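Asks: Sequence:
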Amino acid sequence: MRMDWKRFYADELALAWGRQAALDAVRRHAGGDAAVRAALLAGGWASFPHVTLRDSAEPIARVAQSIIASGKQRVVALGVLHGGTLPAGLREAWMALSGDASLARAAFPRFAGAFFARGE
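Residue numbers for the sequence shown follow the numbering used here, beginning at -14 and rising by one.
Since the hints were derived computationally from the structure, they do not count as laboratory data.
This one's a predicted model, so the numbers in the text were calculated from it and none came from an experiment.
Here a beta-carbon is modelled for each residue, glycine too, at the ideal position from N, C-alpha and C.
Take the hints with a grain of salt, since some may be wrong.
Ranges of calculated distance between the beta carbons of each label pair, as one might list FRET restraints [to be verified]:
{"hint": "1", "residue 1": "G74", "residue 2": "A(-5)", "range": "17 to 23 Å"}
{"hint": "2", "residue 1": "D85", "residue 2": "R39", "range": "36 to 42 Å"}
{"hint": "3", "residue 1": "R59", "residue 2": "L0", "range": "29 to 35 Å"}
{"hint": "4", "residue 1": "Q58", "residue 2": "F93", "range": "29 to 35 Å"}
Whole structure, please, built from the sequences with the hints as guidance.
Replies: Below you can see the structure in the form of C-alpha cells.
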C-alpha cells in the first residue's frame, strides 16, 4: 500500500463541503494578508496547518493568496508527514523510516509523491 496524498486532498475537494470551504476561504483572503505579504517580500516565510480542508482552508488560503499578491515567482514548500494519521497498512512502513537505513530506504518511496515539478 502506498499513501496517495494527491488523491486524499482531491477527494476532499470533490465533496461539496470541501469545495465550498476552499472557495469561501479564497474569497475571504483575496489579495492576501498584509503581514504575510510583508514577511515574504522581506525574505521571510509563512507556515500554516494543513490537515483537512475543514480545519485548514482559512490559513492555506491566507498564505496562498498572499504569495500570489506578493508577486513572488518561486515558492519552496516543505511539508510534514504525521505518521499517526496514516492508514493501518502504512504504519509499519512509517516506523521503518526511523530504523535501519536499508529498511528506511526501502520504505521511503511509499511516502513520496508530494513534490511537484515547476509548473506554469
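Asks: Hints first: check each against the structure and report whether it holds.
Replies: For each hint, the structure was consulted:
One distance hint, 17 to 23 Å for the beta-carbon pair G74 and A(-5), holds here, with the actual separation near 20 Å. Take D85 and R39: their Cβ atoms lie about 38 Å apart, and the range 36 to 42 Å holds. Judged by the Cβ atoms, the range 29 to 35 Å given for R59 and L0 holds: they are separated by roughly 32 Å. For Q58 and F93, the Cβ-Cβ distance of about 30 Å falls inside the hinted range of 29 to 35 Å, so the restraint holds.
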